[in-house]
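2 protein chains.
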Amino acid sequence: MQERAARTRERLVRAAAEAFDEHGLGAASMQAVSKSAGVSKGALYFHFPSKEHLADAVRGACGDRFAAKASDLMEAGESPVQVLMRLPGLTAEWLGQDVIVRVGLRLGREQQRGGHQDCDGRYLSRELHDLLSRLLRGAAERREIRDGLPLRTCASLLVAFLFSLECRAEESASREELLESIAELWSLLLPGMAPVADRE
Amino acid sequence: MQERAARTRERLVRAAAEAFDEHGLGAASMQAVSKSAGVSKGALYFHFPSKEHLADAVRGACGDRFAAKASDLMEAGESPVQVLMRLPGLTAEWLGQDVIVRVGLRLGREQQRGGHQDCDGRYLSRELHDLLSRLLRGAAERREIRDGLPLRTCASLLVAFLFSLECRAEESASREELLESIAELWSLLLPGMAPVADRE
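Chains as they are written, first to last, in our numbering: chain A, 1 to 200; chain B, 1 to 200.
For identical chains, the list gives no copy identity; a pair is met inside one copy or between any two copies.
Here are the simulated SDA-like pairs of lysine to any residue, each with C-alpha atoms no more than 20 Å apart in a straight line:
{"#": "1", "residue 1": "51", "residue 2": "111"}
{"#": "2", "residue 1": "41", "residue 2": "9"}
{"#": "3", "residue 1": "51", "residue 2": "10"}
{"#": "4", "residue 1": "51", "residue 2": "110"}
{"#": "5", "residue 1": "35", "residue 2": "47"}
Calculated directly from the structure, the hints in this document are not laboratory data.
Using the sequences provided together with the hints, build the complete structure.
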């Protein structure tokens, strides 16, 4: 994609996230998105033929945020289990500051399966599940977690937990309450995840 | 409610669940629901002014199923933690046999928050969260789980897990695969849930 087109697309995705954040997916208008992005309606419809395509792009940008952050942390030398354990806390921070993550997680949580969409869509829950599964496999290879840990079920629980953070933030939980839940999550899960040697 | 009206309502809810199961919420028609329930269109609209009201009734009937089963098991003498541990397995069975639970969980998982609905609606996730929290509190009082277990976070993880069972069943996971996931769930959670004496 040409650089200019990529910038336009990015502006539209952010404007859409802001509109969905303020008005909800149902009430936000395509007109308001093109206006607040400073992009013509023709250019908007060229990039995104429908609101569902915009919603999909916001979910995708949110998934990319998680994947990029995990990759950065790995490159900075953190181990897979360290990265895994940082993701819920990062999510809590992002929910307060980053409209792409906040709205992306909300749309991902509400994402309908089945034939109600007019575009194929990126399944944010599946992307997060894949990311967490990769980290868990890395942790298993380094023996940072116990042998035989059920990786898929563990990844599912963690993904569900990330979505529940967004849900609670939307119900006005404070950052401190979210951080407390995260500490509680690990107090619940770590005894079942730790290598056997660590438990003795 | 008169008994006859209650029976009509029940027939409509079941017919709606079957229509949503077969065609999806978007494509199912009110006409088809009234026809398959053998109820006039006028009577349908008297009970349920919109498809969203029907969806809400299916979610509600699903929540009632869980609450009634938990109550039956308690009355039959099972302890709160026993009931709690049976709910995922019961869900796996119901998903194969009971269109109300299958569609109720699906609609509950996809339930949107915020202003997109034309009726207030019952939040299935909240009802299940309340039910599991009550069971966890009962288990804590009997010291079946460890002191200081974070009950709310534990209930959230379990609710998320019940929804994930529906999601995997919809993606064609077999009953055996669901039961395997349930065994994995407990292998992950029980070490963090058990009273300290049990771990030694």
